[in-house]
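Undergrad: Each chain, letter by letter, is given below.
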Amino acid sequence: MDILLQQVEYRYQANTPFERLALRDVSFDIPEGAYFAIIGHTGSGKSTILQHLNALLKPTKGKIVIGDTEIIAGQKQKNLKRVRQKVGIVFQFPEHQLFEETIEKDICFGPMNFGVTEEEAKKRAKIAIKQVGLSEEFLQRSPFDLSGGQMRRVAIAGVLAMEPDVIVLDEPTAGLDPRGRKEIMNLFYELHKEKKLSTILVTHSMEDAARFADQIIIMHKGEVYKKGTPEEIFASPEGLLELGLDVPEVIRFQKNFEETCQVKLDRICLTTEQLAEAVTECLKRGVPK
Amino acid sequence: MNKLILGRYFPGDSWIHRLDPRSKLLSCIYFIFVLFIANNWKTYMLLWIFTLFVMYLSRVSFRTYIRGVKPLIWLILFTVFLQVLFTSGGTIYVNWGPITISQFGLTNGVYIFCRFVMIIFISTVVTLTTKPIDLTDGINSLLRPLRSLKVPVDEFSLMLSISLRFIPNLLDETQKVMDAQRARGTQFGEGSLFKQMKTLIPVFLPLFVSSLNRAEELANVMEIRGYQSGEKRSTFRQLQWQKRDTVCLLLMFVLTIGLTFLRSEGGLH
Chain A
1 MDILLQQVEY RYQANTPFER LALRDVSFDI PEGAYFAIIG HTGSGKSTIL
51 QHLNALLKPT KGKIVIGDTE IIAGQKQKNL KRVRQKVGIV FQFPEHQLFE
101 ETIEKDICFG PMNFGVTEEE AKKRAKIAIK QVGLSEEFLQ RSPFDLSGGQ
151 MRRVAIAGVL AMEPDVIVLD EPTAGLDPRG RKEIMNLFYE LHKEKKLSTI
201 LVTHSMEDAA RFADQIIIMH KGEVYKKGTP EEIFASPEGL LELGLDVPEV
251 IRFQKNFEET CQVKLDRICL TTEQLAEAVT ECLKRGVPK
Chain B
1 MNKLILGRYF PGDSWIHRLD PRSKLLSCIY FIFVLFIANN WKTYMLLWIF
51 TLFVMYLSRV SFRTYIRGVK PLIWLILFTV FLQVLFTSGG TIYVNWGPIT
101 ISQFGLTNGV YIFCRFVMII FISTVVTLTT KPIDLTDGIN SLLRPLRSLK
151 VPVDEFSLML SISLRFIPNL LDETQKVMDA QRARGTQFGE GSLFKQMKTL
201 IPVFLPLFVS SLNRAEELAN VMEIRGYQSG EKRSTFRQLQ WQKRDTVCLL
251 LMFVLTIGLT FLRSEGGLH
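Chains A and B are the protein sequences, given in the same order. Per the numbering used here, residue 1 is the first one in the first sequence, and the count goes up by one each step. Per the numbering used here, residue 1 is the first one in the second sequence, and the count goes up by one each step.
Hints are computed from structural coordinates only; laboratory data are not their basis. Please note that the accuracy of each hint is not assured.
What the hints assert, rightly or not - Not close to chain A: a few residues of chain B, all C-beta gaps over 12 Å, as computed:
| no. | residue |
| --- | --- |
| 1 | F10 |
| 2 | H17 |
| 3 | T186 |
| 4 | L205 |
| 5 | L218 |
| 6 | L262 |
Unchecked claim - Taking CB as the label site, the calculated pair distances span:
| no. | chain 1 | residue 1 | chain 2 | residue 2 | range |
| --- | --- | --- | --- | --- | --- |
| 7 | B | I167 | A | D68 | 36 to 46 Å |
| 8 | B | T174 | A | K76 | 22 to 32 Å |
| 9 | B | I167 | A | R20 | 13 to 23 Å |
| 10 | B | F81 | A | K227 | 57 to 67 Å |
| 11 | B | K195 | A | N79 | 48 to 58 Å |
Bear in mind that the values here come from a model prediction, so they are computed numbers and not experimental data. Using N, Cα and C, we set each Cβ at its ideal position, and we do this for glycine too.
All chains, please: the whole structure from these sequences, using the hints.
TA: As structure tokens, this is what we get:
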């Protein structure tokens, strides 16, 4: 399912003294099966974009096309339920949305809202809980007995059980330990590969964006500052540094290495593995004196 | 929720903004009492002039005030209509069973409308121009005499300032939880009353849970930082009574004199 944003503008509390422009002239498209990362400072409009992707917010100007549904500013829109089923959002700290007495019921909540039968929903709950790395025994427990990390997994399972075509992640690893972070990020990457899920990741972590995304969008003050593949973005990281954004450690190492040794590696490395390979190759060729 | 103007702070630097919260609170309460002295069109005119003058002084656009009245307009109109329909006296225009539209009813209706709107305007002036934290300080300071009656004034004002402090957070969180549940297919405000009530469970339960967690965390943090209830504490923010505060109270005094002067003896006319 393709998602297309055309000159989207969004104002919070439009026409009140508290009005605030959050997005200005944002256009891009997310083709089916792509992995997008949206990066930017707090307050750059990342989360506002994200809420447009399943029509929780409607643009105050411009147009959004989600699959075959068009959302145009100022027009009444019915049947947004269908859009919301197709686009699953994992909000920041999703564990705060748990409420049922058992985990199974909580995971079934989403699917059943979209008209799935109880039997089918329970089947999906079983699959989803395994997908997020918990065993089936958890299903009968109360979500409030779990640790923070486990609650997060349950909440994610609740979104996965809706079987969305597009999954939107708002800092899914905020506040997790390094291992939990890695596991969750890998989980989403595998789902993206296996099920051809379009994935949109909103994150502060340049590392994650560089490692997983095919396309990166940099937001700055409500506008798209830069858009491109990780290689394109990190080929000239100076602009990013000016915005006060971080550059992945790998990129910084490469820059330092190239400067100190007066060599140029043949490509921009986005992961430590790639960097190790490139450096080895370079060393084999020998450093020019 | 975002449309609510009453009870919000609107940053600014007007004469009214710089008043001491105590004088603002006292004047606001006093104004509401003084309203009931008015009983003819001259007194109401005077009150209107005063209200509009105060609103002008606050340097907040008139539209903002109108917006503050909007959510309450049905309540106001309802009361006004009851007055109009069930008051008798003076020339009677329509008579239909117990319902009469009379001269007294109409004037009474207009007066009540004015009273409501002015009360809302004036209290909006106070809340729009005073930081919530200053309001609690003001209330605390005004309640201080009650201490000798064994009323736990400090605890009360602490609770008040904590609640005020967390209103925006709770609203934010409500919005977040609602968004998250909408993303999971909940539709708010649709279907029968029972159905609508059921859709609130997925919102309220997480909110209660997080409020409990937050309360526990806050209590721990306060204890770590040395808070003990009932102990004598010093205050960081000191309220300062200035010349303009005296002027403000004097203005209220002048208003009262004006009102008693213009007030007619015979009651409603």
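Undergrad: List in ascending order the numbers of the hints, as given earlier, that are violated by the structure.
TA: 1, 3, 4 and 11
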